[in-house]
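As given, the protein sequences belong to chains B and V, one line each in that order.
If you're matching positions, the first sequence starts at 880 in our numbering and goes up one per residue.
If you're matching positions, the second sequence starts at 172 in our numbering and goes up one per residue.
Read the hints as simulated data drawn from the structure, not as lab findings.
Hints are not guaranteed to be accurate.
[Claimed, not checked] The list that follows gives simulated cross-link-like pairs (lysine-lysine, DSSO-like), each with its CA atoms no further than 27 Å apart:
no., chain 1, residue 1, chain 2, residue 2
1, V, K298, B, K1241
2, V, K265, B, K963
3, B, K963, V, K298
4, V, K267, B, K963
5, B, K1241, B, K1019
6, V, K322, B, K963
7, B, K1179, B, K1293
8, V, K265, B, K1241
9, V, K267, B, K1241
Note that the structure is predicted; figures quoted are calculated from it, not measured.
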Amino acid sequence: MSTLTQRNWWAGFSGFWLRECGSANFFIPGILASIASPWLTLIEDQNIQVFSLVFSISALWMAFCWQLVKLQAQESALLFPAIKQHIYLQGTIILVIGYLLNALALLNHPAPEVAYAMLFATSFGGSFFLLCIRNSAYFKHNSYVFMLALVLAMFYGDASQILALLAVPPMLMGTYLLVTRTHHCQWHHLAYQTYINNIQTGWLPSNTFVPDFLTRGFRQFFMPMSYFAGNLLIQTCQILFASGLLAIVASGFFGVTFHFVVGFTDMLVLMVAIFVCWSKLQTKMTWDQLYLLPIYSSLKAIKQAYHVSAVKLGFCLALFQLLILLACSVLSTFEAVAFYLVIFTGSIAGFVLCVALGSMIKSALALSFSCMFVVILHSAFKSYLLNHEQSATTLYLLLGYVVIAIALLLYSNKRFD
Amino acid sequence: MTSPLLQFTKIHKQFTDKPVLEDINLIIEPGMVMGLLGRNGAGKTTLLRIALGLIAQNSGEVSCLNSSNLELSPTCKSQIGYVPQQPCGYQGFKVKDALTLHRSFYPNWDITLEQEWLSRFELDENKLVSNLSVGQQQSLALIMAMSYRPKLLILDEPVSSLDPIARREFMSDLFELALESSSGVLFSSHITSDVERVASHIAIIKDGKVLVSGELDTLKEQIRLVPHHLTNNLPSGHLLHQSERFSIYQAHDSANWQADLQQSHSNLEQLFVELHT
Chain B
880 MSTLTQRNWW
890 AGFSGFWLRE
900 CGSANFFIPG
910 ILASIASPWL
920 TLIEDQNIQV
930 FSLVFSISAL
940 WMAFCWQLVK
950 LQAQESALLF
960 PAIKQHIYLQ
970 GTIILVIGYL
980 LNALALLNHP
990 APEVAYAMLF
1000 ATSFGGSFFL
1010 LCIRNSAYFK
1020 HNSYVFMLAL
1030 VLAMFYGDAS
1040 QILALLAVPP
1050 MLMGTYLLVT
1060 RTHHCQWHHL
1070 AYQTYINNIQ
1080 TGWLPSNTFV
1090 PDFLTRGFRQ
1100 FFMPMSYFAG
1110 NLLIQTCQIL
1120 FASGLLAIVA
1130 SGFFGVTFHF
1140 VVGFTDMLVL
1150 MVAIFVCWSK
1160 LQTKMTWDQL
1170 YLLPIYSSLK
1180 AIKQAYHVSA
1190 VKLGFCLALF
1200 QLLILLACSV
1210 LSTFEAVAFY
1220 LVIFTGSIAG
1230 FVLCVALGSM
1240 IKSALALSFS
1250 CMFVVILHSA
1260 FKSYLLNHEQ
1270 SATTLYLLLG
1280 YVVIAIALLL
1290 YSNKRFD
Chain V
172 MTSPLLQFTK
182 IHKQFTDKPV
192 LEDINLIIEP
202 GMVMGLLGRN
212 GAGKTTLLRI
222 ALGLIAQNSG
232 EVSCLNSSNL
242 ELSPTCKSQI
252 GYVPQQPCGY
262 QGFKVKDALT
272 LHRSFYPNWD
282 ITLEQEWLSR
292 FELDENKLVS
302 NLSVGQQQSL
312 ALIMAMSYRP
322 KLLILDEPVS
332 SLDPIARREF
342 MSDLFELALE
352 SSSGVLFSSH
362 ITSDVERVAS
372 HIAIIKDGKV
382 LVSGELDTLK
392 EQIRLVPHHL
402 TNNLPSGHLL
412 HQSERFSIYQ
422 AHDSANWQAD
432 LQQSHSNLEQ
442 LFVELHT
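All chains should be built: construct the whole structure from the sequences, respecting the hints.
Shown next as structure tokens:
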């Protein structure tokens, strides 16, 4: 008989937080952003600093919330309560490390501003955490809560006092949830459904807020991509649309810098590609299922149609991003034509690159990691190009980027299922 | 007399307006392997969840290892093994890492038994849990639920995804384990042949009510599918159900069956099917 009931706090850490895509998709960006946050204080732009801080802390809270959903979905978790305590301990340590890393920003930044931003992120993340303890079903709104926190951080990044004021309603809600708490993290019969749905849809609820007759044409135009992504495609596009409009308002009336809007919209465009690939992978839909539909002549034709629709979608999203940036420019100052050209072409290339990777990668975790690195590299590369938009090297580099993205897309079209 | 490991007394449960379980009385004693049979939606899973306090009954009492099902202490829980229909958790773990962590929660973990079952189910310890097939995940869940030799084992369709060989082996082990360690087992299943092979007792649930329960061998002697033209001289007992072809009758004394019916034993599958037609 074994009597090894002692375990270190880190036992199973990688399994819970890193290897399980549900948590990893929040935890890894959260911890990377926490590491990056203190370095970002070296940049002048306060919006980016606050955004990064809010992003990292909110993402870590979301990763913790995901563990709550998983616990509530596990009937057997009730039978070994020690596992709940073990995960709680790991989650608490992760949050403490996240806060400490972000607190390093104090070295180069006024204390009240960092504190206000932390308070804001904590109020959103913490109260959502308490809500998820009560019932895992609330977790389906996580992307909206997360996006709301980010959008508010974007708007009021340079006015931390306002962020502190915005933290009051979630704090009141959190207090209410704490006071009225009767039980915590119990098994719930719908939690497994929430768990599976969130894994499959990439954490977005399945409502689209738009009547079917309006989305039908959209679906048809982007078929078969819309077949794999379902409502998710429409939702992510809606988020891109709404966030784009908000970015114009933020840029025109809230002092948000143009470069921030560029980075933000870039991230949103890639997000659509990542979510589509994610959904395709998680729902385990293969080309064969489409093959049975009497609309495509061969497997090759379906793959080709999928990748053509990806390019179409990339083009449309990049065009929308360009329109947003032009609108922002109208409210401030216009950049050189080359600047807009780099943004437009670079976004299409980034989108296509993500789709190509999504077609080649079979593991959810590998997809998460690859897409994350694509987002980071894409942002860094594009930032370099935008800073040197007039040089001839930029043109060659941009051309190289496009060629690589298209080559990968063609390769995935030829080689992979 | 030993005290029962699990006892349901007059359990009633309803979801919104729909009654799911009505007047359920069952007892699981040490060494007993009870097979719970019923069609989809009959209330089997609900009953098992009530036993563990995962959901609360509307009325009635459940005594689980001498505690109320709604107030199970950690000590009590460490003596219960449970395999739900959808085992989830440990998705990001390798099999060996999942077992290492899981093992650390139980002081009485039998590592020899774990290894024996790992090789029997041919589970690759270095494989990711999320990459296992449904049947392999079920096997892992069974190993995790049984390697600490729980006093009470509750299994919700434990072998539905196993191949016939693994199923057969598991079932015979289950029976041996219960006998060896005086554990009690309550398991639900659709596969009547499995239940017939290993269960010492059965309970058939239909529309939330227990239609038949008791020791399997005794029930086989007591219950007959009686063709309608032979229903005249039946021994004292009661009518369980009338199907199109048969009257399903349970005699108080199995010795009193008339000659025509004395040897006409029916198997569990026949009984189950006729009870539902």
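Structure-based check of all given hints:
A C-alpha spacing of about 16 Å is found between V:K298 and B:K1241, which places the hinted pair at or below 27 Å, so the restraint holds. Note on V:K265 and B:K963: the hinted pairing holds, with a Cα-Cα distance of about 20 Å set against a maximum of 27 Å. Pair hint B:K963 plus V:K298 holds up; C-alpha atoms about 24 Å apart against a cutoff of 27 Å. Between the alpha carbons of V:K267 and B:K963 the distance comes to roughly 20 Å, so the proposed pair stays at or under 27 Å and holds.
Our distance criterion of 27 Å between C-alpha atoms is met by B:K1241 and B:K1019, whose separation comes to about 25 Å. Distance check on the hinted pair: V:K322 and B:K963 sit about 23 Å apart at the alpha-carbon level, within 27 Å; holds. Only pairs whose Cα atoms come within 27 Å are accepted, and B:K1179 paired with B:K1293 is accepted, the gap being roughly 8 Å. Annotation: proposed proximity of V:K265 to B:K1241 holds, straight-line Cα distance about 18 Å (limit 27 Å).
Pair hint V:K267 plus B:K1241 holds up; C-alpha atoms about 23 Å apart against a cutoff of 27 Å.
Against the hints set out earlier in the document, no violation occurs for any number.
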